[in-house]
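Engineer: On the provided structure of chain A, position chains B, C, D, E and F with the ligands as indicated by the hints.
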Amino acid sequence: MKKNFMVLLAIMMIVLIPSAVFAADEPTAASNAVAINTVWTLIAAFLVFLMHAGFTCVEAGFTQAKNTVNIIMKNFMTVAIGVIAFYFIGFGFMFGDDVLGIIGNKGFALIGTEGMDFGIPLHAYWFFQAVFAATCATIVSGAMAERTKFAAYLLFTVFVCSITYPIIGHWIWGGGWLSKLGFIDFAGSTAVHAVGGFSALVGASMVGARIGKYSPSGKVNAIPGHSIPLGAIGVLLLWFGWFGFNPGSTISGTTPDIASIAVTTLLAGSAATISSMLFSWIKYKKPDISLTLNGCLAGLVAITAGCSAVTPNGAIIIGLLAGVLMIYAVEFFDKVVKIDDPVGAISVHGICGGFGTIMVGFFAKDGGVFYGGGFAKLGIQTLGFAASAAFAVIMAFVIFGVLKAAMGLRVSDEEQREGLDIGEHGIQAYTNISASENFVELEL
Amino acid sequence: MKKNFMVLLAIMMIVLIPSAVFAADEPTAASNAVAINTVWTLIAAFLVFLMHAGFTCVEAGFTQAKNTVNIIMKNFMTVAIGVIAFYFIGFGFMFGDDVLGIIGNKGFALIGTEGMDFGIPLHAYWFFQAVFAATCATIVSGAMAERTKFAAYLLFTVFVCSITYPIIGHWIWGGGWLSKLGFIDFAGSTAVHAVGGFSALVGASMVGARIGKYSPSGKVNAIPGHSIPLGAIGVLLLWFGWFGFNPGSTISGTTPDIASIAVTTLLAGSAATISSMLFSWIKYKKPDISLTLNGCLAGLVAITAGCSAVTPNGAIIIGLLAGVLMIYAVEFFDKVVKIDDPVGAISVHGICGGFGTIMVGFFAKDGGVFYGGGFAKLGIQTLGFAASAAFAVIMAFVIFGVLKAAMGLRVSDEEQREGLDIGEHGIQAYTNISASENFVELEL
Amino acid sequence: MKKNFMVLLAIMMIVLIPSAVFAADEPTAASNAVAINTVWTLIAAFLVFLMHAGFTCVEAGFTQAKNTVNIIMKNFMTVAIGVIAFYFIGFGFMFGDDVLGIIGNKGFALIGTEGMDFGIPLHAYWFFQAVFAATCATIVSGAMAERTKFAAYLLFTVFVCSITYPIIGHWIWGGGWLSKLGFIDFAGSTAVHAVGGFSALVGASMVGARIGKYSPSGKVNAIPGHSIPLGAIGVLLLWFGWFGFNPGSTISGTTPDIASIAVTTLLAGSAATISSMLFSWIKYKKPDISLTLNGCLAGLVAITAGCSAVTPNGAIIIGLLAGVLMIYAVEFFDKVVKIDDPVGAISVHGICGGFGTIMVGFFAKDGGVFYGGGFAKLGIQTLGFAASAAFAVIMAFVIFGVLKAAMGLRVSDEEQREGLDIGEHGIQAYTNISASENFVELEL
Amino acid sequence: MKKLEIIIRPEKLEEVKELVNSKGVFGMTVSMVSGCGLQKGRKEIYRGTEININLLPKIKVEMVVKDGAVEDLIEGIVKVTKTGQIGDGKIFIYNVEDAIKIRTGERGDSAL
Amino acid sequence: MKKLEIIIRPEKLEEVKELVNSKGVFGMTVSMVSGCGLQKGRKEIYRGTEININLLPKIKVEMVVKDGAVEDLIEGIVKVTKTGQIGDGKIFIYNVEDAIKIRTGERGDSAL
Amino acid sequence: MKKLEIIIRPEKLEEVKELVNSKGVFGMTVSMVSGCGLQKGRKEIYRGTEININLLPKIKVEMVVKDGAVEDLIEGIVKVTKTGQIGDGKIFIYNVEDAIKIRTGERGDSAL
Ligand SMILES: Nc1ncnc2c1ncn2[C@@H]1O[C@H](COP(=O)(O)OP(=O)(O)O)[C@@H](O)[C@H]1O
Ligand SMILES: Nc1ncnc2c1ncn2[C@@H]1O[C@H](COP(=O)(O)OP(=O)(O)O)[C@@H](O)[C@H]1O
Ligand SMILES: Nc1ncnc2c1ncn2[C@@H]1O[C@H](COP(=O)(O)OP(=O)(O)O)[C@@H](O)[C@H]1O
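Chains as they are written, first to last, in numbering that gives the first Met the number 0: chain A, 0 to 443; chain B, 0 to 443; chain C, 0 to 443; chain D, 0 to 111; chain E, 0 to 111; chain F, 0 to 111.
Okay, chain A solo, but in the shape it has when bound (with noise of 0.2 Å):
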């Protein structure tokens, strides 16, 4: 990513030759510094591709099996449809050439791309940023699974990948008005994690709880996953997935940054696993390891802003405070407001996302509070992470409210009850017996 343009012109002082300078007739060491940028920034984005194994299986695994096809329904569409989308409308708002600080205007299905310089080959650098823009809206998916109509869900992740995550992300990395602030967003604890948080909370507050979530007397009510295994294999690929979500938006393999970014996003990630399982451990009385596995994330969400800014000592106590921040914060949405969301996504990537961005603001070994840089920094970082917020939050209402008026946003009690696989799909996710010439199909 850009980043901003401190990041660029480090970039562009390292390269020093346009990209097309690419080996063209035997190879050079400036030629060699492209093609060794340009594979690590196509690996990393493959690992941010992976990502989306990670969260379909996190969000299968901790909804019900009755609507398993629909939750992995949605999260593979929106890889498919943000690609395209991000293709056709978001790349050029995102990464065209700046208007009024606002929003990009050029690059829409890679046409008028010449003059751009990323540093690699415009390739590479379009298909990172695709793989990351699906990203923001899978979010999304969880927090609203069980009981929203897909249809609904596809047309949103269309707009988000369009339109919110494209601005924000034009505001942070593509040369808006956060980046020339110095806002630091290294690699999207705002920009993707709390975009999608946020439009998360609009989004699962709006659909509404899922049936017997909350009981007419008020009493909240545990709706279990129905898969540890699955959730668990979905977390340990995303943490793979964020070394190169991390370190690759570097943009650059020739820098040491990529090192210590994988440095502190593994401590980070270790540091509040350990710390959520602990606090779980403290206050239920045993490790919990849906909180354990949310935690982890939390970690890793929080370390994002600052991966490449603050020390392996920082990361881990950005890390720790995330895994316990994340356990209140679960308790705020489930049992204070009531925001019936079935995976944490709102306290993880929302509010973590948030905490990252901000606690770049003290941890920045360079300007942060607590390295005697003062709150000029802080301050930045907390308006960048509000002003993003907010927009989220204003486009996630317009989208879905346009929408709930136009099509509805909710399953029918009906369907939810039954599941939404057979409702919106027709099949169920696990066929347990066929034997027999006429085909048997037992619905245990």
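Calculated from the structure, these hints are not laboratory results.
Restricting the straight-line Cα-Cα distance to at most 27 Å, the calculated cross-link-like pairs of lysine-lysine (BS3-like) are:
1) A:Lys-218 to D:Lys-22
2) F:Lys-78 to C:Lys-218
3) A:Lys-334 to D:Lys-16
4) F:Lys-78 to F:Lys-1
5) E:Lys-59 to D:Lys-59
6) F:Lys-59 to D:Lys-65
7) D:Lys-1 to F:Lys-81
8) D:Lys-42 to B:Lys-282
9) E:Lys-59 to F:Lys-59
10) E:Lys-1 to D:Lys-78
11) A:Lys-105 to B:Lys-364
12) B:Lys-337 to B:Lys-284
13) B:Lys-285 to B:Lys-337
To list a few chain E residues with every Cβ distance to chain C over 10 Å, as calculated:
14) Pro-9
15) Glu-14
16) Leu-55
17) Asp-71
18) Lys-78
In this text, a Cβ means the ideal position worked out from N, Cα and C, and glycines have one as well.
Structural biologist: Frame of chain A; chains B, C, D, E and F with the ligands shown alone:
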């Protein structure tokens, strides 16, 4: 892959130095370029390796629980046997010195490889080719699932990886007659997928349909797979692996082609996912997850031949068409010719592999019909596909014919009803209860 | 890994420049070489990280459903705890300046690392080592599965990743006495696998067998794992990760060794898969999937020591032997010494780790018995393995002994019968029904 | 002693449990079953081919109670499980000759 | 009213369903069970150790029918489920004291 | 003929099987059920929210035997399945009007 002479020449022009010059002393730009190419090729090969996990999940998910151990064993053994067969025999036939345009003659067990130059260390090249080879055989296991003898399948795998695939591979990538004609099959829509798919066609028809698939009255019955989540994880792993399969087939990380190939691969997969979902929605009233997952693979198979030759828009169109074509093909084989293919391998790999190969004749930026290149390329593409498919069909016919005569291809009806897991491996895939001092095994 | 001085010297000769010279200004051939090595090492480390997903799946799949949450938590926490323990303590012991050939003395929490030079940025080197460290501890969790207290296991992990593994690692790779002797353990058949496996041996015997494993009459009972697909996915992920584990241990992408190591790793795994399948087929009448999957791992463990020192043919032979040896070892521990090891970790990692280490003495192209090198190397290999295993056994004995006295290692019989998921974590891995307004939880 | 065998919609189980508790009946045994009756299932399409799903998921609740408790329970259960749509289920009543409480060896009504 | 409790091989369920439909009986409840009898299961080997699997998967079909329908049904069921190999299964017949159709509250024969 | 319906703890199944074999009874049908009784389940916490798990896993064993075999079996079963803790389970006894062995068509006692 060597692909064809032109690509080979291009690589050699870039490298310009024997691969032995691999940073013996101080690194030079030339030695670094070789290192970059090697690193890229190996990592791509690792991703291709992971496709075997993808195939395993897809085929297990889309078949019945009682045959899960068997299908996993088939996929798993295919890797092991495929690699060893390719080591001792296949590689030599594929990449040894050309004999009459038809077959290679050396490099068996990596002996006599002095003088072979692939621009990167021989072992890196070999490794990439070896993991590729096994993917071809594994396609067959899906189409013949749930009724084929384990031993017969294993022997077939030995032959495919030693003979069928290497010979066709020689024609296309090893300097054989098709590569001399200028046939374009960049990463193997024909060499891997169509060869696998058409072998599967022969295998599935020779082994006969599963009991219960076709009622005596001619009614076609559906036999749903036992786990959609497993199938979906498999498709996502395959897509991930495809980013090694296609961009890695450059055998070079110093060419900007790796980026554009990644882009066409991503776009074609996405477009096909969307078109198959929409088409199944229209045709069957609900978006069908199993066809959508297959649709994604159909798009990926189709773009594999032309991934480096077409534009992003071309990739989208090829993907859109492949997604729809695959659904018609599945219906055709299922209901018209009545060849029982539990996972849709024939349609996805065979039909869409051929389709993608031929589409290069239309969409190749350089020489395609739609780019004013006339029909020459189209003719060569069609010929190349037809010849390869025909050879695969003949070979499969001979190998399966001999195996059928010698040992039989099909398990007994009783074993099929009970499940191949018990019959062939004496164990079930899932065990539900197990408790108590005296171990309890309930067969539920 | 530094491996031994010779490798270190070689790397330094190649690099010839302090790693700080990382493209500060314009890229040079030297800075590009460092970048290539860094990119390679990081990506390899990411693959090693994914092995934790592999271990999780294997161990969960091969144990009972009622203990699935527990085994997942153990594996997952091992990553987090292992990384943090290695950060604060382990790395310093392993790679700090050598003290008497036995232990390192600095680098704790990455403090005092100026002057340490590993040819690539310190953080990249550290990251690779940290994800490695956790794999050693995770081996133990499998062997002690289904009856060990969660808290006791976690504490053990802290010690292994802080003390046992780093000290042995120092001997072998950190400049300690074994590395001075010329002991070859390229990627850790001994340092990681045998250490893990022999610690597991002690742990499994101290915690005792699972209820029902051995009848009072002495009969040995089988307790099948609950999900073969999970186990198989795990093995494929592990194999994939091994391509980071072995070739990545070069810490260099500019050496052609990465290719030949990938080849030996692939061939040994394949050969062992085949030999264990065939041997189980002969011995037990049917090809056993669980032994075949273990067989693959056995071959990979065995080649890990010599992956860079043996020929492809040597790798095949080592793999073939390991696949068979493992089956005998499993029977030996299961039926003769009666140590209950649910996943076969002792045989796979302990026995085949030792076997592979010693085989280097026979098969090393340079100095092996079969290459006319006499018995010196063989002696050193045997000594190195024996000393490391002995130290691991002693440490495990002490640590588990203290833990047993202080808090007990084993859960109550009642908890074991009901399952550790309920007992330790208060939740089950799979939830089948959940429907209706008033949430329904059926314990089926 | 009588056994009530109650076939209900899965989502009604919780209400039955509450009702039964409120009536002072403590023991019951629950299982997952599939059933068909007037409710004839539905058609699904898998990869373009129709499947008739004619067995739908139901819950079977078995409860052995004293003779005198039967009528009151039936009334209560019908009340909470009735939706008026086909597929609501059935209650079947059987005679139980004897019951043994394994823990104590008690028999007859006192075993319940 | 009588209850037929029919234990069959899993692969025979579809045929039983068809038969029963053709006889004008509409309601039935099906569950997955495991059974043993003369059919003694099989030995398996897991990692070199023998396991006796002596419970094999069966399907239990429960059908409450009018007294008059019993004999005809039994005859039909035996015909479609018999293979002559051990493991074919059993039919047990119980008396049902009453039946209630939850949807309507009807009782007795008219509840079926 | 009588049917014994035996609800036990899952871990006791193996012992029941052995006992029953030793008594010369060969046929039985086993299913997984959930039950509650005096044993009231437990509380779990999922993501900070309490869940009442009040149905615990049990095994149901059904055995149709000759009238004369009943008492002896009951005694044996109680002996092997009793732990004295609540949750041990129950045995219910029903009358069976007839039995048919599908394989042979035999009826009555000789069908068992
Ligand atoms: N005669 C019967 N014998 C056994 N079970 C029956 C019988 N009739 C109905 N059932 C069970 O009751 C359930 C509901 O019956 P159904 O006829 O669909 O609804 P309703 O009783 O409301 O008309 C069925 O799914 C089946 O499990
Ligand atoms: N006495 C019995 N009580 C309950 N179930 C029985 C009894 N005898 C047999 N069964 C059930 O019938 C099934 C078939 O019985 P089996 O004796 O194996 O075959 P067959 O009746 O053909 O000789 C068993 O698996 C079991 O589920
Ligand atoms: N009245 C009953 N009707 C049906 N099943 C019952 C009844 N009472 C108990 N059960 C079954 O027996 C099991 C054990 O009963 P419980 O009361 O918990 O233990 P105990 O009988 O040892 O006091 C229950 O879980 C339930 O499945």
